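Number of protein chains: 2
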Amino acid sequence: MSSAPLFGHVALIGIGLIGSSLARVLRRDGLAGRITGCARQEETRAKALELGIADAMFEDPAEAVAGADLVVFCTPLGAYEAIAKAIAPALSEGAIVTDVGSVKAPVIEMLTRHLPDTVHLVPGHPVAGTEHSGPEAGFPELFDGRWCILTPVEGSDPAAVEKVRAMWTSAGSMIEVMTPAHHDTVMSITSHLPHLIAYTIVGTATDLEDDLKSEIVKFAASGFRDFTRIAASDPVMWRDIFLNNREAVLEALGRFSEDLTALQRAIRRGEGDKLEDLFTRTREIRRALVDAKQA
Amino acid sequence: MSSAPLFGHVALIGIGLIGSSLARVLRRDGLAGRITGCARQEETRAKALELGIADAMFEDPAEAVAGADLVVFCTPLGAYEAIAKAIAPALSEGAIVTDVGSVKAPVIEMLTRHLPDTVHLVPGHPVAGTEHSGPEAGFPELFDGRWCILTPVEGSDPAAVEKVRAMWTSAGSMIEVMTPAHHDTVMSITSHLPHLIAYTIVGTATDLEDDLKSEIVKFAASGFRDFTRIAASDPVMWRDIFLNNREAVLEALGRFSEDLTALQRAIRRGEGDKLEDLFTRTREIRRALVDAKQA
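Protein chains in written order, with the numbering used here: chain A, 1 to 295; chain B, 1 to 295.
Since the hints were made in silico from the structure, they are not lab data. Quick caveat: nothing in here was measured; it's all calculated off a predicted structure. Among the hints, erroneous ones may be present.
If chains are identical, the list can't say which one is meant, so a pair holds when it fits in one copy or spans any two.
To be verified - SDA-like mimics (lysine to any residue), calculated; alpha carbons at most 20 Å apart, straight line:
#	residue 1	residue 2
1	LYS85	ARG40
2	LYS163	GLY30
3	LYS163	ASP69
4	LYS293	HIS132
5	LYS218	GLY145
6	LYS85	THR118
Generate coordinates for the entire structure from the input sequences, incorporating the hints supplied.
Laid out in structure tokens, this is it:
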């Protein structure tokens, strides 16, 4: 196709698993005339250029965004504020700013405070990932068939939302629009709590005596293994998710803890009927997932 | 080969996922001259005969074991005691009795009490399974490349242990021998605690309001999904595991709960360094699994 690309210039702030996968999509589908990237480490910048997924790489985010039509935050959430402050004076008028973060409400509040009124903020969250990190770990099919949640803010320019939607549709994602607060509640249960639990149980195992630990590895296939993949996810990214979605995560964790205590009590008292009843109900959710082709 | 089979007559008490998979192995490898089975439900007995995985099916376990050289308990643990009492008078002198149960010490103590001295008890636990149940769910490759743990009791006849080992080796399993108590401790962490946690978190989600629940299903791929497969395991089998391995499970659960509370505290106080430290350590376990080819 010889038509103009969706964006003249895309700037990716952070080029790890998600950022580099998006860069590969932009390249594959010809969605960007020019791709610039920003990474703190020299090694990462060199790797991105070597992989050919960016035309230029910068250490300073302000330099990366100069002249960009679309700016995508692809860093852990904890880096957002400093980046927002740094790029605010350098953003082009009318530029679209989006992100790929796993928490929305508090992040949007902060971004709105720092970014100029002349840009369009269209927050997003591609619900995709692997337990691997870094620009080499990315691949263009990462978003294919996965949900991408957009959480436009009040007064978002519909044309800007449409362009971000078009990019993720091209990546193969299914688009869902919801409010930031609702996004954070849903993710606290489907994603954040499961990760917290997986990190905890794998942590409990790492604290065992060494001889027992080697047997945990040996017999991991009996259930433990499924948790280790989740608990191998990027530590900094997940630290920031829990710190930023604190209220929703603590609420979900409170419900979980109550349920766990009730189950512990049933085991201690030998109340088999209560156990069987719960285990029968949980099977239903799996069936619902299979029916929804999410299994 | 025209040599005599490993066992003249094998009786399988219970012919669900594990029993029917073992039956298929016995058939495939010609390990049994005759296979009898026992199932409470008429429908299961008819299905086993239709599948050709048993030569005769009985409702009464005593009839199923008459004349058997090897008797295998393949039912949930809660059914063991009644079966042991029922078959005790019908067991052939010198018969080998084994099982596939996920808890060993208390079960062995009970079986030893009920079975006659003239049989050889060789408890076993093939560490394999799927979330599916019933004789149609079985397949002969289920045990291939998986561990099978044998927990011989004091005074076990070495020849009997060798024959049980030969059967599981033929199934493709790697054999590990350990004491019953040690088995129960290792499994409480690698298998029972992960299942308990998965059942709990999926249970927590099933108790949510309906509209939120439908979104849990929709966005399950973000972490929750991995838990639903585990939490779809057989309810009665797992009820009995928790009731029988109560002490070890409560001990593992105690450690887990302490760790979860510490993590909850770190989130509430915004102690990012503690979170990052744990999340970095848990990555190591995944690496150990990958190195051990268990990932």
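If you test the structure against every hint from before, which numbers come out violated? none
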